[in-house]
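Protein chains in written order, with numbering that gives the first Met the number 0: chain A, 0 to 690; chain B, 0 to 146.
Don't take every hint at face value.
Interface residues of chain A toward chain B, partial, derived using beta-carbon atoms under 7 Å [what the hints assert, rightly or not]:
#1 L349
#2 Q390
#3 K400
#4 Q528
#5 S592
Calculated directly from the structure, the hints in this document are not laboratory data. In this text the structure is predicted, and so the values were computed from the model without any measurement. Note that the Cβ used here is the ideal one computed from N, Cα and C, for glycine as well.
What follows is the residue order along each chain.
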Amino acid sequence: MDLFGSFSLLLAFLCALYAIGGGIAAVRTRRPLLIKSARNAGFAVCVLIWLAMGSLAYLFLSDNFSISYVVAHSNRTLPGYLKISAIWAGQEGSLLFWSFILSIYVFSALFTYRGKHPELMPYVGVVMAGVQLFFLAINTFAASPFAVLGTAGAGGALDVIAPADGRGLNPLLQYPEMVIHPPMLYSGYTGFTIPFAFALAALLGRYPGEKWIHLTRRWTMIAWCFQSIGVLLGAHWAYAVLGWGGYWAWDPVENASLMPWLTGTAFLHSVMMQEKRGMMRVWNVWLVFATFLLTIFGTTLTRTGLVSSVHAFAQSTIGPWFFSFIGLVLVVCFTAYWRNRDYLRSDNQLDSLASRESSFLFNNLILLVACVAVLSGTLFPVLSEWVQGTQISVGAPFFNKVNLPIGLFLLFLTGVGPLLAWRKTSMESLKRNFGWPLLLGMVAGGAGVALGLRNFYVTICLSLCVFVTLTILLEFYRGARVISARSGANIFSSVARLTMRNTRRYGGYIVHFGIVLIFVGISGSAFNQDKQMDMPPGAQMEIGPYRLVHQTFDSVPSVNYTSERATIAVDRDGQQSIMLYPERRFYPSNEESGTMVAIYSTLKEDLYVVYAGRSPETQAPVIHAYLNPLVKWVWLGGLVVVLGTILALVPNRQPVLALRAVAETVPAGPSPARLPMEQPLQQNQQDESRG
Amino acid sequence: MKVRAKFGVGIGIILVTLSALAWMGARESKTYYHTVAELASLDATALRQRIRVGGDIEAGSIQRLPGRVDFILKAEGQTLPVSYVGSDPLPDTFRDGAQCLIEGRAMPGGRFVAEQVQAKCASKYEAAPAQDSTSSPQTGTDANGRS
Numbered sequence: 000m001d002l003f004g005s006f007s008l009l010l011a012f013l014c015a016l017y018a019i020g021g022g023i024a025a026v027r028t029r030r031p032l033l034i035k036s037a038r039n040a041g042f043a044v045c046v047l048i049w050l051a052m053g054s055l056a057y058l059f060l061s062d063n064f065s066i067s068y069v070v071a072h073s074n075r076t077l078p079g080y081l082k083i084s085a086i087w088a089g090q091e092g093s094l095l096f097w098s099f100i101l102s103i104y105v106f107s108a109l110f111t112y113r114g115k116h117p118e119l120m121p122y123v124g125v126v127m128a129g130v131q132l133f134f135l136a137i138n139t140f141a142a143s144p145f146a147v148l149g150t151a152g153a154g155g156a157l158d159v160i161a162p163a164d165g166r167g168l169n170p171l172l173q174y175p176e177m178v179i180h181p182p183m184l185y186s187g188y189t190g191f192t193i194p195f196a197f198a199l200a201a202l203l204g205r206y207p208g209e210k211w212i213h214l215t216r217r218w219t220m221i222a223w224c225f226q227s228i229g230v231l232l233g234a235h236w237a238y239a240v241l242g243w244g245g246y247w248a249w250d251p252v253e254n255a256s257l258m259p260w261l262t263g264t265a266f267l268h269s270v271m272m273q274e275k276r277g278m279m280r281v282w283n284v285w286l287v288f289a290t291f292l293l294t295i296f297g298t299t300l301t302r303t304g305l306v307s308s309v310h311a312f313a314q315s316t317i318g319p320w321f322f323s324f325i326g327l328v329l330v331v332c333f334t335a336y337w338r339n340r341d342y343l344r345s346d347n348q349l350d351s352l353a354s355r356e357s358s359f360l361f362n363n364l365i366l367l368v369a370c371v372a373v374l375s376g377t378l379f380p381v382l383s384e385w386v387q388g389t390q391i392s393v394g395a396p397f398f399n400k401v402n403l404p405i406g407l408f409l410l411f412l413t414g415v416g417p418l419l420a421w422r423k424t425s426m427e428s429l430k431r432n433f434g435w436p437l438l439l440g441m442v443a444g445g446a447g448v449a450l451g452l453r454n455f456y457v458t459i460c461l462s463l464c465v466f467v468t469l470t471i472l473l474e475f476y477r478g479a480r481v482i483s484a485r486s487g488a489n490i491f492s493s494v495a496r497l498t499m500r501n502t503r504r505y506g507g508y509i510v511h512f513g514i515v516l517i518f519v520g521i522s523g524s525a526f527n528q529d530k531q532m533d534m535p536p537g538a539q540m541e542i543g544p545y546r547l548v549h550q551t552f553d554s555v556p557s558v559n560y561t562s563e564r565a566t567i568a569v570d571r572d573g574q575q576s577i578m579l580y581p582e583r584r585f586y587p588s589n590e591e592s593g594t595m596v597a598i599y600s601t602l603k604e605d606l607y608v609v610y611a612g613r614s615p616e617t618q619a620p621v622i623h624a625y626l627n628p629l630v631k632w633v634w635l636g637g638l639v640v641v642l643g644t645i646l647a648l649v650p651n652r653q654p655v656l657a658l659r660a661v662a663e664t665v666p667a668g669p670s671p672a673r674l675p676m677e678q679p680l681q682q683n684q685q686d687e688s689r690g
Numbered sequence: 000m001k002v003r004a005k006f007g008v009g010i011g012i013i014l015v016t017l018s019a020l021a022w023m024g025a026r027e028s029k030t031y032y033h034t035v036a037e038l039a040s041l042d043a044t045a046l047r048q049r050i051r052v053g054g055d056i057e058a059g060s061i062q063r064l065p066g067r068v069d070f071i072l073k074a075e076g077q078t079l080p081v082s083y084v085g086s087d088p089l090p091d092t093f094r095d096g097a098q099c100l101i102e103g104r105a106m107p108g109g110r111f112v113a114e115q116v117q118a119k120c121a122s123k124y125e126a127a128p129a130q131d132s133t134s135s136p137q138t139g140t141d142a143n144g145r146s
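Chain B with its partners taken away, still in its complex shape:
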């Protein structure tokens, strides 16, 4: 019984410590996911949080300016002007029409300042089924995007 109690205490200490660390870590790095449409309707407190938005890059909207890259993110018919100000080079997959996820903060004027940009990558898992459902390879985004 005594041994069991010792184990209980040991396990308890470990679990409490780790939960506390997890809680702190979560608070520090919490990012709220919103759609482009939702951004417009958020109140001031919600807008101050770190936000992540997903969408497609509008073709022809990428402008490489000194110190930042501007582009327009499009999702469900809504658009969002974005300035990427992060220090990491943009991924190779970042180009017209690519799906991308941006992370950063919404500015009062409606512009989104992104510190991180991820663009759809490597495994073409998602692209393949969509191509199969269209009976010809000459339809869909590929025809627009590639030649």
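Isolated chain A, as found in the complex:
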């Protein structure tokens, strides 16, 4: 099976070479047969990668301990689903897994647009195959997951060594979330390859108009959605497993996943400028280039030990591969841009500061500044070594100082941006749209201060959260009122109908609301507290409104590990509410141990209890308890973001004609009633004229 796998990879590599060569020839000669053949090679690459992936999965599930990768990451007692997740637990397998997810995207893109856009698709195919070729080359020549354990025997033959059991999976990864987190994050990272390929292809082929943006809009949203899930699951894993009481530490690996998310978010917004107004063409192309480069850079950071981090600090052999690839992509992108820069000229200029364009511009600027700040903070040790000769690193205060105001400004734009008109917004409309939300937001902030809130950023955040939520609610309410006045339906079914008529717009609002919830959750971290105590059975600890009583302490053997576990009864305000079982697991197969945090989570706060080992003097168990307000809101917000994105991906339900009829039958009443209908109409007309 290992031979089958490595041959599949080698064949995939050759097919990718052909897809590139044939694709370039197809672009030059425009011969239909060649175009088709290059595309089929593209399909073949994907299928071969799937076969390789399948054979690696088979090797893991059948406990084949002659394969060094399987030995390093699995053992016999590991449950089946964790054996699957062990596939991406190490360098080689995770690279293959990257190719695997990428090939799903590539296959879908090739399949969706087979026989369509003959001017564009051959270019797209070449770019996609080029990216695949890079990962296949590493997997084939530098880091094969199918390497067999063995020594050189007599006559140069290979004596295969197969240990009786593997060394097991890192306990920190033996957690259900770690099974889904990497696939989600990888789906995000690799997904940005599709818009990148289309952008580069459109530029190289001087493909007319904004078509590539329409084509890639959904792909970008899918990638963005996965990236969001991946980042948040990573944060949740760090919170629930690592046991230090927080979910974000500005570690290089976390930053690596955040940076493409930031530029991806900027891209999702600024494409609207290009779609609606033909502006920012150069900017968009470079944003998508940057996003793709940051995904590659992100995985480089994790794998090469460029910057020391909790997750990786030794050197590895594949660094030069990645740096060469990044350099090559940069050269290709820049050349393509330079030779075709006249094709990217803008149609329009900015008209006013109070306009949708301007809010998008600031949104983009600020997201990009955030990305640059995170990037420079992450690379500070490398940069300072170049400049000063000593490695200097910066910590959380640096990232927080820069990113807190950025975050709040973004939150403000989230409320303001969608309600500003294109080109120029009148004073009257500003008052109408923002008067009440702004007033109530300020009242909420004032109330917070009156009730004893003294943290500047948290107060601002509170005001903005109220402001943004109200602007969003107002948008739904105004639109729904029009529909309900016309059809007589109640307001709730009108909201549903309104949403389904323009899913992109209203799904977008729901995503914005999810972001508000995440900000609420983050602001809670200003009030975290924690306490550590030696707690022999019978001891008590008070933290916030909770009283923890240590009842029993026991040692429990299990199949894969043995654990030490404390049983803690928790009272809240004198009433018994729940039992918590913080434990520490010890895995004999690799002599590693893992902490299992016990969390009692409510909307108001999380009680987070860690069993931190035994006290060296008394041998009593040490309990570290954290009280983290509002953390649950972060995860809830993430859920809302995902649901909103999925909603935005659903096609609009109402046909264009019906919409127009609606707009015409709306009584010429007060202008706010007309507002929500204007934009869908414009958009649909534009789509019509293009399609």
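Given the coordinates of chain A, assemble chain B onto it according to the supplied hints.
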């Protein structure tokens, strides 16, 4: 033109504010990375800064004492005695032979007082290539570290 100027001012204000914040944040949390060997040769001012050192934990050197954990960090043949005094529990990966990064201050007597300890974690990305290059799984650190 007027609109452009307005944008320029807006963008300028944002960039200046954020750069100032970044500068303040960097000054507050700057940590200098030194190797164990370099520590001995640093002058007094350099020693007062917050310092980060990387190395391996010498096998058998971990002593859990009241209020602190002592261990010896080894890198390039040099050793450094360390006392960890931080309040966070040490990570699960902190054990004999593990690679670790410590952050804190160097004391005049040559002892390093660490407030933060990170030990190599989760993704075994680094371990894997090294194991492949040795042809047998019975060599290298694994044989010493594990059974």
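Going down the list of hints, with the structure as the test:
1. Against a cut-off of 7 Å between C-beta atoms, the interface hint on L349 of chain A holds, since the closest Cβ of chain B lies about 6 Å away.
2. Residue-level restraint check for Q390 of chain A holds (minimum Cβ-Cβ distance to chain B is 3 Å; threshold 7 Å).
3. Checking K400 of chain A against chain B by beta carbon gives a least distance of about 3 Å; that is within 7 Å, so the hint holds.
4. Because the beta carbon of Q528 of chain A sits about 13 Å from the nearest beta carbon in chain B, more than 7 Å, this interface hint is broken.
5. For S592 of chain A, the interface hint holds, the least distance from its beta-carbon to any beta-carbon of chain B being 5 Å, beneath 7 Å.
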